[in-house]
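**Student:** Residue numbers (the numbering used here), protein chains in the order written: chain F, 171 to 469; chain L, 721 to 1148; chain C, 2 to 328.
To be clear, the hints were calculated from the coordinates, so they are not data collected in a lab.
Owing to the predicted nature of the structure, the values given are computational and were not obtained by experimental measurement.
Just to be clear, a hint being listed does not mean it is correct.
Claimed, not checked - Quick list of simulated restraints, FRET-style, between CB atoms:
| # | chain 1 | residue 1 | chain 2 | residue 2 | range |
| --- | --- | --- | --- | --- | --- |
| 1 | F | F449 | L | T899 | 47 to 53 Å |
| 2 | C | F81 | L | S941 | 21 to 27 Å |
| 3 | C | A66 | L | V766 | 39 to 45 Å |
All C-beta atoms, glycine included, are put in the ideal place defined by N, C-alpha and C.
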Amino acid sequence: MSVHTAERPTSQQRPGGRRPAALRWRAGRQRPNVLGWLGALVWLAIVGVPLYALLVATVQRSENYTAEGPLTPPSDPTLDNYVKAVENGVLGFVLNTAVVTVAVVAIVLVLAAMTGFAVVRSRTRWTSGVFRLFLLGLAIPSQAVIIPVYLIILELGLYDTLTAIVLPTAAFALPVCVLILVGSMRDISEELYEAMALDGAGSVRTFLQLVVPLSRSGLSTIGVYAALQAWNGFLFPLILTQSMESRVITMGLYEFQGEYRVDVPGLLTAVVLATVPLFIVYLFARRSLVQGMMGVGGK
Amino acid sequence: MRTPRLGSVAGATALCLLAATACSGGGGGGGGDDQMHVWMYQDTLVVVQEGAVERFNEASETEAVIDEVPGDNYEERLRTAMGSSERPDVFFNWGGGSIEPYVEQDMLQPLDDMLADNPEFAESFIPSILEAGQVNGVQYGIPLRGTQPVILFYNETVFEEAGVEPPETWEDILGLVDTFKEEGVTPFALAGADPWTEQMWLQYLVDRIGGPEVFAEIVESKGAEGWDDPAVLEAAQMVRELVDSGAFGDSYASVSYTEGAASTLLSEGRAAMHLMGSWEYSTILDQDEEFAQENLGYVEFPPIEGGEGDPDNVVGNPTNFFSVTAETEHMDAALEFLTYTSEEEYVADMVANGEVPTTVNAEEAVADSPSPDFATFQYEMVRDAPHFQLSWDQALPPDVATPMVTEIESLFNGQSTPEQFVDALAAL
Amino acid sequence: MTGDPAAEGSGAGGRPPRGPRPDGPRGGSAARAAVPRTGRPGPLWAVPGLLYFAFFAALPMVLVAYLSLTEWGGLGTPRFVGMENWSRLTADPLMRKAVGLSLLLTVLSWAVQTPISLLLGVWAAGRQRSRAVLSAIFFLPLLLSSAAIALIWRALLDPNFGPLAWLGPRLGLGSVDVLGGTNSAFLVIVFVSAWQFIPLHMLLYQGGARQIPPSLYQAAEIDGAGRLLAFWHITLPQLRHTVTTSSVLMVVGSLTYFDTVLIMTGGGPGTSTTIVPFLMYRAGFESWELGYASTIAFTLVLVATVVSLLMVRFTGFGNMRSTREGM
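Produce the complete structure using the sequences and hints provided.
**Tutor:** Right, here's the structure in full:
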């Protein structure tokens, strides 16, 4: 990769790192960046207004929605929409999604960690070939292979089960995760490996006592990345499941579109409920989440 | 390789598999259980089938459940499931082209024997309607719903305010378009996001102009021939004229029917008329009961001067059908369940929900309908129709129907001229 | 298992490239020689991950290629038809239009998203607290799934029952049906994809901008360069790798854009938003011509691979980031 990254010591790669680079302080002293602020405020409106309209709609009565307009706070706020969404089974969908997400994350963590370890430490041409295969795998869009994946799932007799969503979702999250982990594991210094080796540790002990603990940040990044892929996945559930029992939240939302008919507030409430779990994660683990969202990008 | 490594690898793999299988317990879908799955297209009329399932479950050892599949995706979902081992045991369909692919794969249970064994049941249906459940002369479908002709609905209040009468000729329609535009009301609600609603206009126009033979030829060639009939072009030109005159307003292209938007426009008086299947009545009944009973008007699609088709011809869905998958584990129960569709209570439920049953005794039953006028109107319309044209997209196999519907949408959106429209269809 | 030969093939096949060796440790070669072999994992460690990936991602690729030579309706078994689908593909006017729309979407998305996310990202890289707070809000769309975003915008843009129905008359526009217009629906797709993905790219640029050594700016300041000059001569060149990464993400993301189109427009009105992935979905799961759909899918993979390889060419492996944002 580029020169500037290679030179960076690992400890300060966190985007939210405390110590200021001098740049903006100085810029601030020159004169305020009026244009920058202006642009930022415009974007704030573009992002904020729809989100505000979304939230307002959820406490609006359906009958009043068209009449009162999207931006005025409702004269007669209500939580009915939330009650109705829960009655319509949103929580069940969330539960299904949670099961899928946990399973995907588990598979990805284990497989990516093992593969990453092999790629970084096992010095054979074979493992570097494996690595390059995963890199090529980055280029496979899941849309393009949905038909054979459907075929495979049919052959395995898994159609319309949560497993049918889990297996391909995890597989398509793997390349990015391997890439992130390999980066993160390379930062473990050679001396530590040597120390382990001198200690007589085998590969398993090295893996469990050195590699796993020291790639914690990489592991949490890929965990979040995989979780996001699973939580927000659309195409696999769309094609591979159909019944109520195996409906995940993205499908639930998609189907609600028809069920809610012209009840825009009801539909938007379901959208909000579907996002609450991620929002909670965002509040408490913003950094991992942000890194997860960037995939490797932000490492 | 030394053993510890192998062991650890195996251990980790086992862990993954454990993670993978752990969730299959939690989420397994339908097929593995003992229930008999009945697939229904999700809409307000499912209550009728829910009643039948309830009665069936009381009497039978097999437990039947209804899987309601959202309407937008019904056919896609059905096909994916039919390709899998999670097939429904009994499922809703439109007969004709909609089940032909399954028949070709021998996936459906022929019902001729069952009908022969139950002559009373077989004779309870209007013969021509029962016949529509055949593919290549073999019975695969049992009528499960009322008949569904396409009707021109209108909002009586809006008509009164404008001081006009419902259309009796095509010229009336063009005149009404101008009147309502001046009134600031959209003349026709149109759910352009669901192009099968646009298809209804073409179906009627082609039939009125050229008669049923035009589309019969198209069906016979599976969509390969017949599109170059002058009636198709003329119908497309009339559609174009309507669209250009603002008959559907400016914002119809993203209006959806399955989400109820078009019906709401009619019931709220924002649109004056709506060409729609007879189920519109129950949709509106569900949304706005008072309006449905007091102010919802309906007429037949008007004749077109000089047209060859009989003005009494009807388009729409003769009915919907239940078919049984050949490999169901609940064959006896499934066949038993089918007979519930001609029971008195079932027919009564249909009538109560504004449907007009396809059973022979329906004439008396419709008199008990909560809206006897509408039911009688619909019943007579169907009874007196010399020809009942099944919806084009159901009569044709999906590989022709899907692009055809898209072409219809393009015509209505002005993306293609009537001439281009005909050329595109001829190229299918 | 079926994945095995492929895996070994790639291992025994081409030599690893020069340049950044994936297995090259930080330590110098002298250190490497002295390290005992214990504690190094055998290649078997990579097997589970590889097999798993091969089975659900690599095997399907092979199957797509095969299915593109067959006719298959999802029931029964595929029937081999040779190159029939391929000759149909080249003659299909819908495919031609879809390719055009996909390219247009890609170009427009890039042209809209890159400048905005670059500027916002650089701005957000500043250390004031207020900027951090605003950035936190900017990232919120990232929490929403494509399905949710598509639903929100569809509801907000509904011509009869959404805010536009309220807003339109008040602005004197009458009824506004942006999703119903042939051009406007396409532009809505461009806009919504920008709304959805600019935060991600902004994040990339923010990270990139924070890694620019401050000393560069100090030097520029001494030279008396203003903010614009500094941006042009320092920030932009320093971010060139981020630009590449982000651009490739955008390109691949736009080429595979699907969920939003399905939910918001269903490819319509008419075919005015039927881009390649949607055309594939329709051919496959609505017309049930899965063989033909596989042909479209294979084309998609080819394009995505070429784009990715080109990028690898330009930037080296290390810069290769997630190509999966569009999913």
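**Student:** Now, for every hint given, state plainly whether the structure supports it.
**Tutor:** Quick rundown of the hints versus the structure:
1. F449(F) <-> T899(L): 47 to 53 Å: Between F449(F) and T899(L), where Cβ atoms are some 52 Å apart, the hint holds.
2. F81(C) <-> S941(L): 21 to 27 Å: holds (26 Å)
3. A66(C) <-> V766(L): 39 to 45 Å: At roughly 43 Å between Cβ atoms, V766(L) and A66(C) fall inside 39 to 45 Å, so the hint holds.
The structure is consistent with each of the numbered hints, conforming to all of them.
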